[in-house]
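Participant: Add chain B to chain F, keeping to what the hints say.
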Amino acid sequence: MTVKNHVLKNMYRDSVALMRLSREMEGLENVAQATAIMGTDNNKDLLAQAGLLADSGKSATPNDLIVAFDLTPPGREETVMTSVQQRLMSGRQGTVGGTGYRPRSMEGALQTLPQANLAMISVPGEHAAREARKALDLGLNVLLFSDNVPLEDEVDLKQQAISRGLLMMGPDCGTAIINGVPLGFANAVPSGRVGLVSASGSGLQQVICLLAEAGEGISHALGVGGRDLSGEVNGAMMLEGLRALGEDSATEIIVLISKPPAQSARDRVLEAASRCGKPCVISFLGEQGEHGERASRGKVHMENNLEGTALRVLTLLGKESPGWAFLDDTSRKQIESIIASPHPGHRSIRGLYSGGTLCYESLFILRDLGHQAGSGLEREPVGGDLLIDMGDDRYTVGRPHPMIDFRSRCEALIQAAADPEVGVVLLDVILGYGAHPNPAAELSPAILEAHKIARTGGRRLACVVALCGSPDDPQDMNQQEKTLTHAGALVVHSNALAARMASAISRSGAVPLPGGDTRG
Amino acid sequence: MTSSTFYPITSMGGPLVKRIPQSGRWGTVFAVFRQSCYLESGGGQVFCLADQELGEGPLTIAVKIPSKTTFRSLGINEGCHLDTDGADLVVGHELVLTTSETVTWEPEPVVSTAPPDEILRRLDVLINLVDPLIPSDGLAEIIPLTAGIANAGSSGVVNMNAVAAMAMPRLSRLCGGLTRSASEAIDQGVTGLVGLGPGLTPSGDDLLGGMLVVLRAMQNTASLYSVDALADCVTRHAATETTRISAAMLEQSARGYGSAAQHRLLQCLLEVDDRPDKVNAALDLIRTGHTSGWDALAGILLGIYCGLRISRCQASPDLAAQSPFAVSRGMAGIPA
Numbered sequence: 001m002t003v004k005n006h007v008l009k010n011m012y013r014d015s016v017a018l019m020r021l022s023r024e025m026e027g028l029e030n031v032a033q034a035t036a037i038m039g040t041d042n043n044k045d046l047l048a049q050a051g052l053l054a055d056s057g058k059s060a061t062p063n064d065l066i067v068a069f070d071l072t073p074p075g076r077e078e079t080v081m082t083s084v085q086q087r088l089m090s091g092r093q094g095t096v097g098g099t100g101y102r103p104r105s106m107e108g109a110l111q112t113l114p115q116a117n118l119a120m121i122s123v124p125g126e127h128a129a130r131e132a133r134k135a136l137d138l139g140l141n142v143l144l145f146s147d148n149v150p151l152e153d154e155v156d157l158k159q160q161a162i163s164r165g166l167l168m169m170g171p172d173c174g175t176a177i178i179n180g181v182p183l184g185f186a187n188a189v190p191s192g193r194v195g196l197v198s199a200s201g202s203g204l205q206q207v208i209c210l211l212a213e214a215g216e217g218i219s220h221a222l223g224v225g226g227r228d229l230s231g232e233v234n235g236a237m238m239l240e241g242l243r244a245l246g247e248d249s250a251t252e253i254i255v256l257i258s259k260p261p262a263q264s265a266r267d268r269v270l271e272a273a274s275r276c277g278k279p280c281v282i283s284f285l286g287e288q289g290e291h292g293e294r295a296s297r298g299k300v301h302m303e304n305n306l307e308g309t310a311l312r313v314l315t316l317l318g319k320e321s322p323g324w325a326f327l328d329d330t331s332r333k334q335i336e337s338i339i340a341s342p343h344p345g346h347r348s349i350r351g352l353y354s355g356g357t358l359c360y361e362s363l364f365i366l367r368d369l370g371h372q373a374g375s376g377l378e379r380e381p382v383g384g385d386l387l388i389d390m391g392d393d394r395y396t397v398g399r400p401h402p403m404i405d406f407r408s409r410c411e412a413l414i415q416a417a418a419d420p421e422v423g424v425v426l427l428d429v430i431l432g433y434g435a436h437p438n439p440a441a442e443l444s445p446a447i448l449e450a451h452k453i454a455r456t457g458g459r460r461l462a463c464v465v466a467l468c469g470s471p472d473d474p475q476d477m478n479q480q481e482k483t484l485t486h487a488g489a490l491v492v493h494s495n496a497l498a499a500r501m502a503s504a505i506s507r508s509g510a511v512p513l514p515g516g517d518t519r520g
Numbered sequence: 001m002t003s004s005t006f007y008p009i010t011s012m013g014g015p016l017v018k019r020i021p022q023s024g025r026w027g028t029v030f031a032v033f034r035q036s037c038y039l040e041s042g043g044g045q046v047f048c049l050a051d052q053e054l055g056e057g058p059l060t061i062a063v064k065i066p067s068k069t070t071f072r073s074l075g076i077n078e079g080c081h082l083d084t085d086g087a088d089l090v091v092g093h094e095l096v097l098t099t100s101e102t103v104t105w106e107p108e109p110v111v112s113t114a115p116p117d118e119i120l121r122r123l124d125v126l127i128n129l130v131d132p133l134i135p136s137d138g139l140a141e142i143i144p145l146t147a148g149i150a151n152a153g154s155s156g157v158v159n160m161n162a163v164a165a166m167a168m169p170r171l172s173r174l175c176g177g178l179t180r181s182a183s184e185a186i187d188q189g190v191t192g193l194v195g196l197g198p199g200l201t202p203s204g205d206d207l208l209g210g211m212l213v214v215l216r217a218m219q220n221t222a223s224l225y226s227v228d229a230l231a232d233c234v235t236r237h238a239a240t241e242t243t244r245i246s247a248a249m250l251e252q253s254a255r256g257y258g259s260a261a262q263h264r265l266l267q268c269l270l271e272v273d274d275r276p277d278k279v280n281a282a283l284d285l286i287r288t289g290h291t292s293g294w295d296a297l298a299g300i301l302l303g304i305y306c307g308l309r310i311s312r313c314q315a316s317p318d319l320a321a322q323s324p325f326a327v328s329r330g331m332a333g334i335p336a
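Protein chains in written order, with this note's numbering: chain F, 1 to 520; chain B, 1 to 336.
Pulled out of the complex, with its shape left as it was, chain F reads as follows:
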């Protein structure tokens, strides 16, 4: 007897669905006993009495669903859970009157669409590698959205893909644009001559949006997952993406983006870039010291922030500096007015981010400017400059990602406004496919409320927003900016510029306002 419990957090299915699920599980091969039941204490006692409570089930709360089953003989747990997931998800795509054929397997999907050459996979991490292997075996490129995939599986999957001449994007790859088709969180940017490979989703979005606003489009944007440049994976897919873009006739300039890589991966990527024959702009975000210096060697150009990366690309393409690189007069006057405020109070910076890389970029820019800035992952928000990636797992338990659901950030914004130490709030707003349909409508009431709270306390609060989007995004970027500005936010399109603005306000003008060439 092998008892397994899976706890599905905040999972609500109606009673009939739960009853059917229990019965269908009991009909599966090797399943001796099974049930799906809400995780109340009394139900855990019930499971214990039936011999169906495993250690993992003990942590369930009343709003969690416990899927409990007894495998005899042991094994095939994955099969049961895949079946459970399919049953729980069935019926979620409702239609009015009847449904068309929906393939339930990759083979079925390929029969429906034989010309497909890419599989996008989003299943729980423990099942993701198996699905990805299946796709590679079928000759499909893979975009693996799932996270929590073991590192050894990632290494193996990428080696398998390379041996077959396929791309294995991910795991934890949320953004890509291939032949103009957006996948995951992506922006409506024009087609063009810049090809990108990135180990950072929001970093990729920032660069392509800044390029789009300057009139430059992209050929392809490939995501590779945040661990690709670790020592273990050693840049396997970034190198493969670089090779593919090098051979792509539509691509004239290649951009590579990652947080600081492992030394071995760094060496391999630089070596490959210098041999690819096309200009390469490499952005290893936040690299400091010798590695952090902007430098050019042959056709390889090094940058350490996203804004600088976009500017370098535009320079190589012979474009003039775009508008987003400068502060306009209105923003400058607003900042000067805040700095000159008779009751400035304290001016610590509080960053509330939905994009992990944007948070990271702001953090190292502020540190470069001399701030002792901390991240929410390092310490609790108890004062001083603090930048929080609210998309981190720690803040999203039981909640949608903050790019989709703004509740947690609005609450944190109000809290920050009530904190007499805080004088500047930094926010990112990411537009595009997959993001919230109207983020400004969500944030604006909270920004207004935050200003009110600060005023009541005799302070002035600056809300600086980095609006990351393309003019063609479905949310209407122009309208988003107007709404946010109307609520009293200072809105810029470059995340790096936003961080420097926050620094200037925080220091009460002790540092010059950003402007002109804003490269860090």
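One should not assume that every hint holds.
Claimed, not checked - Here are some chain F residues pointing at chain B (derived, C-beta under 8 angstroms):
no.: 1; residue: VAL16
no.: 2; residue: LEU18
no.: 3; residue: GLN33
no.: 4; residue: ILE37
no.: 5; residue: MET38
no.: 6; residue: ASP41
no.: 7; residue: ASN42
no.: 8; residue: ASN43
no.: 9; residue: LEU46
no.: 10; residue: LEU110
no.: 11; residue: GLN111
no.: 12; residue: PRO400
no.: 13; residue: ILE404
It is worth saying that the hints were derived from the structure and are not from the lab.
We put the beta carbon where it would ideally sit given N, CA and C, even for glycine.
Facilitator: The following block gives chain B in isolation, referenced to the frame of chain F:
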């Protein structure tokens, strides 16, 4: 640009009407089912948006939508917001729910109570009718035993499912506590029932909800202390020991607000006029969910037996240890 779709709200529960904000955000969807969805307001109030076919309730906004339309096909998903402009409600960005035809739903009060013997006769008739239909899940299996449990003398668990078997001694303790106005026993019974059993609203919760609604309807000076103690105990435990949907339902039950189906059945069972439609009322109730309706029916029956017993014991305290329901089918084979 997107176009909006308009559907009328036919009714809204009275407790909800009082809580509609003047304008702006009212709630966010956290659970979506085929014909309904649940939302939570900023203040933590849970309420329901449902196809009018599912019936009215204190926390229900009933909407008239085309037949066979699922809520997801209307674009309603977890994370969608419900906003109001002071008149209509808007879900997400395209679904407008109009209020020009909306009526406020309040349960009809039970008008004068039938004599106890007549009520017992109706219960016997009803239990005989539903007996062949009783499912083996949840707490429905206790229905034929409700009179005995109310007498605090039944702990027979032969051939019962695990949930009902676990619940039996707890129900006996609860009913004994209600009869004796013993708050400790009430608390022990409730603790063992809240959050117990299958379903989104666990069986124990549905049963306690049915009991509360009926005991509030039958409430008199004799039972007031016990009913208040039960209501307080249930809401206190439900807040942390069951699902948030159940907790919201039980909070209303504690105030005497059940679903429209529950109140219709109560009228049929308790009012002086013997209504011919009590069977239909019972069938309407037991069609709710998989076992929820059955569990609520078990709670209603148990509540009525308890309510009658409390009144009789108050009038004649030495009856507290005896069975007052010798004629009840529910007592068959159960030692008093």
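Participant: Evaluate each hint against the coordinates.
Facilitator: To see whether the hints hold, each was checked on the structure:
1. Below 8 angstroms, beta-carbon pairs count as interface contacts, and F/VAL16 has one with chain B at about 5 angstroms; its hint therefore holds.
2. Because the smallest distance between the Cβ of F/LEU18 and any Cβ of chain B comes to about 6 angstroms, under 8 angstroms, the interface hint for this residue holds.
3. Evaluation of the F/GLN33 hint against chain B yields a violated restraint, the C-beta minimum of about 11 angstroms exceeding 8 angstroms.
4. Annotation: interface hint on F/ILE37 holds; nearest CB of chain B at approximately 6 angstroms, less than 8 angstroms.
5. Against a cut-off of 8 angstroms between C-beta atoms, the interface hint on F/MET38 holds, since the closest Cβ of chain B lies about 5 angstroms away.
6. With its C-beta approaching chain B no nearer than about 6 angstroms, F/ASP41 sits inside the 8 angstroms limit, and its interface hint holds.
7. About 4 angstroms separates the beta-carbon of F/ASN42 from the nearest beta-carbon of chain B, less than 8 angstroms, and the hint is met.
8. With 8 angstroms as the threshold, the beta carbon of F/ASN43 comes within range of chain B, its nearest partner Cβ sitting at about 6 angstroms, so the hint holds.
9. Hint on F/LEU46 holds. Least Cβ distance to chain B is approximately 6 angstroms, under the 8 angstroms limit.
10. Taking 8 angstroms as the C-beta contact cut-off toward chain B, the hint placing F/LEU110 at the interface is violated, the least distance being around 27 angstroms.
11. Evaluation of the F/GLN111 hint against chain B yields a violated restraint, the C-beta minimum of about 26 angstroms exceeding 8 angstroms.
12. For F/PRO400, the interface hint holds, since its Cβ comes within 8 angstroms of a Cβ in chain B; the closest pair sits about 5 angstroms apart.
13. A distance limit of 8 angstroms between C-beta atoms decides the matter here; for F/ILE404 the minimum to chain B is near 6 angstroms, and the interface restraint holds.
The structure does not agree with the numbered hints 3, 10, 11 stated previously, though it agrees with the rest.
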